[in-house]
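Asker: From first to last, the protein sequence lines are chains A and B.
Using our numbering, the first residue of the first sequence is number 61, and each one after it goes up by one.
Using our numbering, the first residue of the second sequence is number 61, and each one after it goes up by one.
Hint data in this document are derived by calculation from the structure and do not stem from the laboratory.
Honestly, I wouldn't trust all of these hints.
Remember, identical chains collapse to one label, so a pair may be satisfied in a single copy or spanning two.
[As the list claims (entries may be wrong)] Pairs of lysine-lysine residues, derived as DSS-like cross-links and limited to a Cα-Cα distance of at most 27 Å, are as follows: (1) 304 to 379; (2) 455 to 179; (3) 304 to 455; (4) 416 to 304; (5) 455 to 347; (6) 455 to 356; (7) 416 to 347; (8) 356 to 74; (9) 179 to 90; (10) 409 to 379; (11) 474 to 416; (12) 416 to 67; (13) 304 to 90; (14) 304 to 82.
Number of protein chains: 2
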Amino acid sequence: MMMFANKESAGLMKSNIDQSLKDHLPTYIKEVVRLCAQPSVSASGEGTDDCSQVVVSLLEEHGIQAQSYSGYGNPIIVGRLQGSSDRTLLFYNHYDVQPVEPLELWTSPPFEPVERDGKLFARGVADDKGEFIARLAAVDAVRHAQNGELPCNILFVLEGQEEVGSPHIARFVTDHVSELACHGAVWEGGGIDPDGHPGTTLGYRGILYVELSVELMNRDAHSGGAHIFPNAAWRLHRALGTLKDLNEHILIPGWYEHVLAPSSKDLELFDNLPDREAWLRRQLGIKNFVNDLHGKDLMKAVFNPTCNLDGLTAGYQGKGMKTVTPAQASAKVDFRLVPEQDPDDLFAKLRLHLDKQGFEDVQLTRLGAMWPYKAPADDPLVTLTSLTGEEVYGKSALLDPLGGGSSPAYAFAKPLGITVVDAGIGYWDNRAHAPDEHIRIEDFLNGARHLARILSGFGR
Amino acid sequence: MMMFANKESAGLMKSNIDQSLKDHLPTYIKEVVRLCAQPSVSASGEGTDDCSQVVVSLLEEHGIQAQSYSGYGNPIIVGRLQGSSDRTLLFYNHYDVQPVEPLELWTSPPFEPVERDGKLFARGVADDKGEFIARLAAVDAVRHAQNGELPCNILFVLEGQEEVGSPHIARFVTDHVSELACHGAVWEGGGIDPDGHPGTTLGYRGILYVELSVELMNRDAHSGGAHIFPNAAWRLHRALGTLKDLNEHILIPGWYEHVLAPSSKDLELFDNLPDREAWLRRQLGIKNFVNDLHGKDLMKAVFNPTCNLDGLTAGYQGKGMKTVTPAQASAKVDFRLVPEQDPDDLFAKLRLHLDKQGFEDVQLTRLGAMWPYKAPADDPLVTLTSLTGEEVYGKSALLDPLGGGSSPAYAFAKPLGITVVDAGIGYWDNRAHAPDEHIRIEDFLNGARHLARILSGFGR
Numbered sequence: 061m062m063m064f065a066n067k068e069s070a071g072l073m074k075s076n077i078d079q080s081l082k083d084h085l086p087t088y089i090k091e092v093v094r095l096c097a098q099p100s101v102s103a104s105g106e107g108t109d110d111c112s113q114v115v116v117s118l119l120e121e122h123g124i125q126a127q128s129y130s131g132y133g134n135p136i137i138v139g140r141l142q143g144s145s146d147r148t149l150l151f152y153n154h155y156d157v158q159p160v161e162p163l164e165l166w167t168s169p170p171f172e173p174v175e176r177d178g179k180l181f182a183r184g185v186a187d188d189k190g191e192f193i194a195r196l197a198a199v200d201a202v203r204h205a206q207n208g209e210l211p212c213n214i215l216f217v218l219e220g221q222e223e224v225g226s227p228h229i230a231r232f233v234t235d236h237v238s239e240l241a242c243h244g245a246v247w248e249g250g251g252i253d254p255d256g257h258p259g260t261t262l263g264y265r266g267i268l269y270v271e272l273s274v275e276l277m278n279r280d281a282h283s284g285g286a287h288i289f290p291n292a293a294w295r296l297h298r299a300l301g302t303l304k305d306l307n308e309h310i311l312i313p314g315w316y317e318h319v320l321a322p323s324s325k326d327l328e329l330f331d332n333l334p335d336r337e338a339w340l341r342r343q344l345g346i347k348n349f350v351n352d353l354h355g356k357d358l359m360k361a362v363f364n365p366t367c368n369l370d371g372l373t374a375g376y377q378g379k380g381m382k383t384v385t386p387a388q389a390s391a392k393v394d395f396r397l398v399p400e401q402d403p404d405d406l407f408a409k410l411r412l413h414l415d416k417q418g419f420e421d422v423q424l425t426r427l428g429a430m431w432p433y434k435a436p437a438d439d440p441l442v443t444l445t446s447l448t449g450e451e452v453y454g455k456s457a458l459l460d461p462l463g464g465g466s467s468p469a470y471a472f473a474k475p476l477g478i479t480v481v482d483a484g485i486g487y488w489d490n491r492a493h494a495p496d497e498h499i500r501i502e503d504f505l506n507g508a509r510h511l512a513r514i515l516s517g518f519g520r
Numbered sequence: 061m062m063m064f065a066n067k068e069s070a071g072l073m074k075s076n077i078d079q080s081l082k083d084h085l086p087t088y089i090k091e092v093v094r095l096c097a098q099p100s101v102s103a104s105g106e107g108t109d110d111c112s113q114v115v116v117s118l119l120e121e122h123g124i125q126a127q128s129y130s131g132y133g134n135p136i137i138v139g140r141l142q143g144s145s146d147r148t149l150l151f152y153n154h155y156d157v158q159p160v161e162p163l164e165l166w167t168s169p170p171f172e173p174v175e176r177d178g179k180l181f182a183r184g185v186a187d188d189k190g191e192f193i194a195r196l197a198a199v200d201a202v203r204h205a206q207n208g209e210l211p212c213n214i215l216f217v218l219e220g221q222e223e224v225g226s227p228h229i230a231r232f233v234t235d236h237v238s239e240l241a242c243h244g245a246v247w248e249g250g251g252i253d254p255d256g257h258p259g260t261t262l263g264y265r266g267i268l269y270v271e272l273s274v275e276l277m278n279r280d281a282h283s284g285g286a287h288i289f290p291n292a293a294w295r296l297h298r299a300l301g302t303l304k305d306l307n308e309h310i311l312i313p314g315w316y317e318h319v320l321a322p323s324s325k326d327l328e329l330f331d332n333l334p335d336r337e338a339w340l341r342r343q344l345g346i347k348n349f350v351n352d353l354h355g356k357d358l359m360k361a362v363f364n365p366t367c368n369l370d371g372l373t374a375g376y377q378g379k380g381m382k383t384v385t386p387a388q389a390s391a392k393v394d395f396r397l398v399p400e401q402d403p404d405d406l407f408a409k410l411r412l413h414l415d416k417q418g419f420e421d422v423q424l425t426r427l428g429a430m431w432p433y434k435a436p437a438d439d440p441l442v443t444l445t446s447l448t449g450e451e452v453y454g455k456s457a458l459l460d461p462l463g464g465g466s467s468p469a470y471a472f473a474k475p476l477g478i479t480v481v482d483a484g485i486g487y488w489d490n491r492a493h494a495p496d497e498h499i500r501i502e503d504f505l506n507g508a509r510h511l512a513r514i515l516s517g518f519g520r
């Protein structure tokens, strides 16, 4: 792919982009601070409406036409900017953040952004407010380097409920397919790995998140009657025991029906990825991984559908003893889905399985679902993201065939017929979702440099 | 057994006892109010020391020599009263109470005793403060009816940690065997069943209460890594799954080694007990009992050792979704033990079992233990309790071969070589351990009449 028609002018342009970003860095950091000072906790609703207004203002201050859509939960903001080609690149971000608890573990208040040691600390600064500003900065820098011109059209889409599972984004996209028409999208997330390599994730697993609950009595009973009183915790235990075997194989009939095995390209990509076993072991204090996996097998296992117990609750959970036979018990379970598994299909199969196993009394509630998404490894946008990443970071780009987590990327990719990549300002220890969330200012600058190069190259 | 040497004088004496109790009832109720107004929550420590002082005062005000023993957790109070024979009857009670939570479900504040509709409401009034006062009343009434004489010596023993598993009472008794020498004991609890029958429980199951806990990582991980990160909740699930089969049979090797089958006398006693299936079903809203038991089999199952899940806790337990692989999980499990199972022996067997099943990583903590106790059905004290109960309540006395719950009765019965029975002021809906705990004043009076007859008869 030719990214720049003329090597010399291309080199000059990139130098102008980098200089512009460097010159205006204090302004952008001020914008990050302003956006992060506005709470926007989607789980509680704190500040989300106000934050959507700050997003609109920021877009408009950067000369981007902004529109707020209601009727899809928290406002969804779309920003539009005309470029000099008919190509359109979509930037997906979200302005909502995770709850701040436990507050006592923060070094400084989560909604009072503060810089320490080259890092900016605030809830949402890494996930995903800083990244949004880095994209505004990249747009600015490209226009500055090209006399106000953009080589492609830009569509910003910012939602306000990503941290609660994006319950409305899929419907929003299908309702606005023509307005959102584009030729590719840069997702949130992305950045560099622990060794400083840039990279992109070529897809995400889907998810089916359910709650299983059992109620066998109208109140807890004294456990002196355990020989006759039905125990909801044991009943739940037995239902859960039918879901998978000791080797993590899911026992629900038909669960693997639509599973695609990793392609030869996927396996080739794994070969290029570094072995993170020792690093993961150290980070999480893990003695044995699932199925006692080692080395590259740890990566390849991402193609295995999972059945994860997220939470268990029943009876007495305080200190010491209380002798009680619990009337109620419940479990939260998430199933990660690989291409082409379908959560609608699997939810029905799960209910049927429980019924056939005699667990009609186990109530099954669907709490959320996302579909898997996989980008083609040879898509030009993937190549562009890799090459520009290598240029900025001076290290080889790593392509991850499939991320273990889930994202609403599928909600854009399928109806819009596009490929979704990620490129951003993250690094492995940014504490996203945790106390002391932060970005490194250097990563913000490099991420903006990377994004500017992507959108420069995308228009050509 | 001859209870009264002369029928006529015996009848007169009983009439005097009843009259005295009736006359002084308002005084006794005031004493119940005074004792219940003093909080004494052993779980939190609230007011227990002060309450032990109130107990000492009450004993002394009734002319009973009182002594407070330290070095055994909350003070243990012993009251002594000389009688005219060399026979000694021991009354066991406790002055501590259960926590009051959930406070919002109380009609009136739990430590502000109040009378409504012939009932007295307060935390601890049924379990076990009202019962202690009923015994003081019985002692008074007998002395009053016999010109100040008691037909036997009385030993009151009141502990302050019954509601947290009586962790020190066994050591206290073995340390004071000669001072506590007696010929029989009346335990706490007892009263009448839903049809108004008096009765006594001929023993209690033992208990081994443990916590199983698992920690596989140093913190919770994103469930997007569930294909490789070890899940503590699943690990715990699998360990629990080895404890018993689907028919409630405990799979820990040697668990049934010392189990005694119910005797023919036990089975005969079951035949006399009313079928409570429909009543239990209604009370607790139960559709199916354990192992789909029905009728009298529900009672007989008390001779089955149990493995009860008291509580489960792991990961996220709030509303909605959080995608997490829990680093830690724990379960509280109580095993009810039948004669002659030994919790020391079984705790060792449980640990060995977990190790042999490959669960060395499951931490096992012993939270409490009690031994089973069984009274001989033909003991003279059992007969005395039954006959006097029938006289007071005008209905046949029911002997329950084995209570499902556990109690430190064994801690007195074995070292002192005595039989323990129960006789009290309870009825089935007194809400012990729950909000709106109460006694019926009528039950208080009848319970005191019953207790007075027992101690009258015991000295002869």
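Asker: Next step is simple, just say for each hint if it's right about the structure.
Answerer: Evaluation of the provided hints:
no.: 1; hint: 304 to 379; result: between (31 Å within a copy, 25 Å between copies)
no.: 2; hint: 455 to 179; result: within (23 Å within a copy, 81 Å between copies)
no.: 3; hint: 304 to 455; result: neither (41 Å within a copy, 56 Å between copies)
no.: 4; hint: 416 to 304; result: both (15 Å within a copy, 23 Å between copies)
no.: 5; hint: 455 to 347; result: neither (31 Å within a copy, 65 Å between copies)
no.: 6; hint: 455 to 356; result: within (21 Å within a copy, 77 Å between copies)
no.: 7; hint: 416 to 347; result: between (37 Å within a copy, 20 Å between copies)
no.: 8; hint: 356 to 74; result: neither (37 Å within a copy, 87 Å between copies)
no.: 9; hint: 179 to 90; result: within (13 Å within a copy, 69 Å between copies)
no.: 10; hint: 409 to 379; result: between (39 Å within a copy, 24 Å between copies)
no.: 11; hint: 474 to 416; result: neither (34 Å within a copy, 51 Å between copies)
no.: 12; hint: 416 to 67; result: neither (67 Å within a copy, 70 Å between copies)
no.: 13; hint: 304 to 90; result: neither (50 Å within a copy, 61 Å between copies)
no.: 14; hint: 304 to 82; result: neither (53 Å within a copy, 66 Å between copies)
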